[in-house]
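Trainee: Sequence:
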Amino acid sequence: MSQFETRADVPSKKKFFYPIHDPLREYLVKYNREVKLHVQYSDLLRFQFSTPLLDKAGNDTLWQTVYYDQSEMNELFPNLKYIYALMNADGDMQVMEHLHIAQIDYCTFGNSKPFRIRVMNKFNDNYDYFYVKVADASRVYGIELEHILSPNRISYLTDDNTLIEEHISGLPGDMFIQQRTNTSKFNQIRICKEFVKFNERCFIRLLGDMRSYNYVVHITPDIEGNQYRIRAIDFDQQSYEGRRNFYLPHYFKENNKLVQLGIQHMDKMTMRQYQEEERSLIYNRMKLVHYRLNDILQVMKKHEIAPSEKVAQLGEELWAYHKKGAFKKCRTMGELVEEQLLVFFEKKQI
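Going by UniProt numbering, the first residue of the sequence shown is number 1, and it counts up by one from there.
These aren't lab readings, by the way, just hints derived from the structure by calculation. Since the structure is predicted, the reported quantities are computational estimates derived from the model, not experimental observations. Wrong hints could be hidden among the right ones.
What the hints assert, rightly or not - Cross-link-like lysine-lysine pairs, in silico, DSSO-like; alpha carbons within 30 Å at most: (1) 14 x 287; (2) 324 x 310; (3) 268 x 185; (4) 268 x 302; (5) 253 x 185; (6) 36 x 81; (7) 253 x 268; (8) 113 x 56; (9) 14 x 301; (10) 81 x 30; (11) 15 x 310; (12) 113 x 14; (13) 287 x 323; (14) 81 x 113; (15) 15 x 301; (16) 310 x 323; (17) 302 x 328; (18) 56 x 122; (19) 122 x 36.
Said to hold, decoys possible - Computed beta-carbon distance windows for the label pairs: (20) 267 x 179: 37 to 47 Å; (21) 161 x 323: 58 to 68 Å; (22) 60 x 281: 38 to 48 Å.
Glycine included, each C-beta is placed from N, C-alpha and C at the ideal position.
When you get a sec, could you build the whole thing from the sequences and use the hints?
Mentor: Right, here's the structure in full:
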């Protein structure tokens, strides 16, 4: 095996797509995530041509703006607007009459090859986005666990093999690291605190590949300085890779500047305090959504969402790290997530 293949911050190879199976579909129906949509992902592939989408500085964004003939637009655009109404107004089109579909972009760079839909207000040119993607089961589990266990709620819908996701606003992590970390010591300490908490959230629920361009940062002005919250925006690597370090954002070289800030501003006791704070918050959420969490884990435990060799490798590495639990006996990624939660919260009643 080459040095490249063993690096902790590099996926082993392109991720497999896993379809939504019947038990997961039943879960999505039960919790009002599965609805009948009049636009499928495949419908958006019928564009006539595309042009590169450039940023304000003229750099290629790796997105393509796509264009449809008039008959396609007449069919697609009203249905896309209705999807936006479902996501934001329970399907009430009366409050959406002033909106229109301004632009559709397509990205072939990511695993999910998403379409990004820009919805614009006719009166004030304010706009919002949502995404249309192929419904990969790994991503659905990742979004649902984020919704349940993190401080963030996420709106999404599925229909057959189509996934609709809301736009998660924030400053992209790579831009944040480049532009916003050279700030006051007080703000840097708060950035470090949030990165420790984000690192803990990802590891506890086994969300991988959180390098800087796979999350955004919310910046909220406070009485003194700013408050920060890091939010994952890419969930394709939920419980897929076999390497433990892949689920710890501080191991990615793209996050090195945040790690260095942490070394500069925190000692082990401070870092442990922030970890315990985040664990307490996660545990409190688990108590509030106990039945829903149990439902998703029961489905996830019986669903193959990673090759068996990756499951075995991650089980070995988690057992070696924790020195406790039944990780070696786990046969699916869902079982590993459940065991991870049990180990972290074994002193509490789950």
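Trainee: Are the Cα atoms of residue 56 and residue 122 separated by 30 Å or less?
Mentor: holds, 23 Å
Trainee: Would you check the hint for residue 14 and residue 301, treating anything up to 30 Å between C-alpha atoms as holding?
Mentor: Between residue 14 and residue 301 the Cα gap is close to 23 Å, so the pair holds against 30 Å.
Trainee: With the threshold set at 30 Å, check whether the alpha-carbon distance from residue 253 to residue 268 stays at or below it.
Mentor: holds, 21 Å
Trainee: When you check the alpha-carbon spacing of residue 253 and residue 185, does it fall within 30 Å?
Mentor: Roughly 23 Å between the alpha carbons, so the hint for residue 253 and residue 185 holds.
Trainee: Would you mind confirming whether the straight-line C-alpha gap from residue 113 to residue 14 stays at or under 30 Å?
Mentor: holds, 13 Å
Trainee: What's the verdict on residue 36 and residue 81, does the C-alpha distance respect the 30 Å limit or exceed it?
Mentor: Since the Cα atoms of residue 36 and residue 81 sit roughly 14 Å apart, the hinted pair holds (cutoff 30 Å).
Trainee: For residue 81 and residue 30, compute the direct alpha-carbon distance and say whether it is at most 30 Å.
Mentor: holds, 25 Å
Trainee: What's the verdict on residue 15 and residue 301, does the C-alpha distance respect the 30 Å limit or exceed it?
Mentor: Holds. Residue 15 to residue 301 sits at ~19 Å (cutoff 30 Å).
Trainee: Within a Cα-Cα threshold of 30 Å, do residue 302 and residue 328 meet the stated pairing?
Mentor: Judged against 30 Å, a Cα distance of about 17 Å means the pair holds.
Trainee: Check the hint pairing residue 310 with residue 323 against an upper bound of 30 Å on the C-alpha distance.
Mentor: Holds, at about 19 Å.
Trainee: Against the 30 Å threshold, does the CA-CA distance of residue 287 and residue 323 hold or violate the hint?
Mentor: holds, 26 Å
Trainee: Sort out whether residue 185 lies within 30 Å of residue 268, counting only the CA atoms.
Mentor: At roughly 18 Å apart (the allowed maximum being 30 Å), residue 185 and residue 268 satisfy the hint.
The structure does not agree with the numbered hints 1, 4, 20 and 21 stated previously, though it agrees with the rest.
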